[in-house]
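Residue numbers (this note's numbering), protein chains in the order written: chain Z, 1 to 183; chain P, 1 to 183; chain H, 1 to 183.
Hints are computed from structural coordinates only; laboratory data are not their basis. Just so you know, these numbers come straight off a predicted model, no measurement behind them. Hints may contain errors.
One copy or any two copies: either way a pair holds, since identical chains are not told apart in the list.
[Said to hold, decoys possible] With a Cα cut of at most 25 Å, we get these calculated SDA-like pairs of lysine to any residue:
| hint | residue 1 | residue 2 |
| --- | --- | --- |
| 1 | 103 | 170 |
| 2 | 146 | 157 |
| 3 | 179 | 88 |
| 4 | 103 | 145 |
| 5 | 179 | 99 |
| 6 | 103 | 121 |
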Amino acid sequence: MKTSEMKVGVTIAKIGILTCSDRASQGVYEDISGQAIIATLKEYLVTDWEAAYRLVPDDQASIEGALRQLADDEGCCLIVTTGGTGPAPRDVTPEATEAVCEKMLPGFGEQMRSVSLQYVPTAILSRQTAGIRGRTLIINLPGKPKSIRQCLDAIFPAVPYCLDLIDAAYLETDASVMKVFRP
Amino acid sequence: MKTSEMKVGVTIAKIGILTCSDRASQGVYEDISGQAIIATLKEYLVTDWEAAYRLVPDDQASIEGALRQLADDEGCCLIVTTGGTGPAPRDVTPEATEAVCEKMLPGFGEQMRSVSLQYVPTAILSRQTAGIRGRTLIINLPGKPKSIRQCLDAIFPAVPYCLDLIDAAYLETDASVMKVFRP
Amino acid sequence: MKTSEMKVGVTIAKIGILTCSDRASQGVYEDISGQAIIATLKEYLVTDWEAAYRLVPDDQASIEGALRQLADDEGCCLIVTTGGTGPAPRDVTPEATEAVCEKMLPGFGEQMRSVSLQYVPTAILSRQTAGIRGRTLIINLPGKPKSIRQCLDAIFPAVPYCLDLIDAAYLETDASVMKVFRP
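Required output: the full structure, derived from the provided sequences and hints.
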């Protein structure tokens with residue numbers, strides 16, 4: 001039995017959901033995207049897990065603080081952000097992500113943009129990326145609720161193996177909904 | 001009526017065309033690529049606009065200076081560069097672009113390389129990128145005249161919405177030539 | 001006759017093969033990937049060349065040292081690395097590559113990930129890149145022996161022209177095995 005499998009027996013995998021939005025954090029509208037991430041992960045995963053949900057304004061220090069707290073204090077194996085990935089002055093989620101990560105994984109952003117391009121030509125405006133902080137994988141998703149499922153479907157097949165490689169948590173999925181790949 | 005639409009009424013959108021080429025700047029050959037950019041934009045746009053054209057050698061300080069001048073003094077909403085994106089020692093346009101931008105947009109380079117790859121396998125050698133400086137979007141195109149139209153066709157559908165997001169200018173196109181997308 | 005063609009007449013092109021692997025460098029297993037690179041290049045190239053082979057642990061200083069030595073002392077026109085491109089803490093080959101290069105060529109990584117994605121969804125976890133140090137092109141390949149040929153087939157058509165542009169060496173291939181492109 002692998003170390004990562006033993007851990008699953010004693011602790012429940014925690015996944016951070018971080019919504020970055022000035023308006024949602026002011027209560028101007030409901031955070032549909034954050035809820036869509038949780039709903040999608042519930043469909044995917046058969047491993048027991050719990051969500052650690054945070055909602056912050058589009059402010060780099062606030063986003064960095066939330067990422068550090070979710071990674072270091074909450075011990076999340078995975079953090080999925082939504083919002084703040086565009087070209088507007090207040091869009092700083094990729095900058096905050098890069099600031100707290102030791103390693104960047106450009107393939108996630110490339111693949112999500114490539115898939116989103118099948119739907120909208122403005123997909124090239126998204127600066128979403130992914131990176132590793134210690135034993136936590138951080139992935140940026142765009143803010144638009146419609147893109148959440150498209151992006152997660154595109155990259156999640158690689159997520160559990162990535163978590164294995166950084167000794168984060170051993171995640172198993174319902175293969176009829178999300179087929180993951182471990183080489 | 002939106003602020004950006006009102007602005008179009010009083011000022012004409014200015015677009016910078018910056019050719020980076022040692023030989024063209026020395027008069028060794030004509031700048032066909034810069035002219036091709038202007039001709040293509042004339043076909044695309046129905047909004048009134050004027051070109052601010054510059055021709056500089058492949059020197060990083062000169063390119064940075066021209067980009068700053070076109071963005072800050074001329075108030076260009078968009079700057080399109082051509083040349084200096086390859087691997088040769090004198091190719092420094094992407095470095096100059098990154099040096100003057102607050103935000104990089106990697107999706108532009110990915111998409112242009114992906115489209116150019118359909119024509120030539122050496123497309124992977126191009127380091128072209130895009131970024132935001134204040135209210136200006138800067139986009140690198142390769143130097144080869146043939147690639148100008150291919151690259152502009154590939155990324156321009158996303159350009160007007162990007163300019164909306166940075167409050168730069170409201171551009172409208174002839175949809176029979178260039179169909180843009182605003183979500 | 002071009003300068004680069006004359007050089008081939010008097011010196012033999014040298015190509016560095018650098019395997020980055022803790023286990024292979026400890027003798028735990030054989031370096032199959034390094035051997036696969038050499039075998040593939042032998043099939044591709046009709047130009048006379050010799051291999052400069054190095055095997056180092058997954059340690060950034062060791063990788064940087066080997067890259068510098070192969071580029072500056074051995075005068076390699078091309079260095080192909082294998083291993084250390086994933087998200088694990090000991091995977092630092094892209095960081096070492098970036099540290100010794102003046103220019104990065106993101107198109108190589110994009111294209112290799114794109115091709116590998118046709119085989120495995122975990123291709124997005126690879127951080128492989130390429131860059132220029134002086135007159136040397138450095139390309140990262142993944143560590144998995146199976147990916148070596150897929151990746152080299154995907155990017156090698158652009159390699160000889162890149163070496164022309166940095167005045168490194170004039171390489172010719174057997175067009176029935178590897179068709180290169182010079183614009």
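Hint check, failures only: Those not satisfied come down to hint 5.
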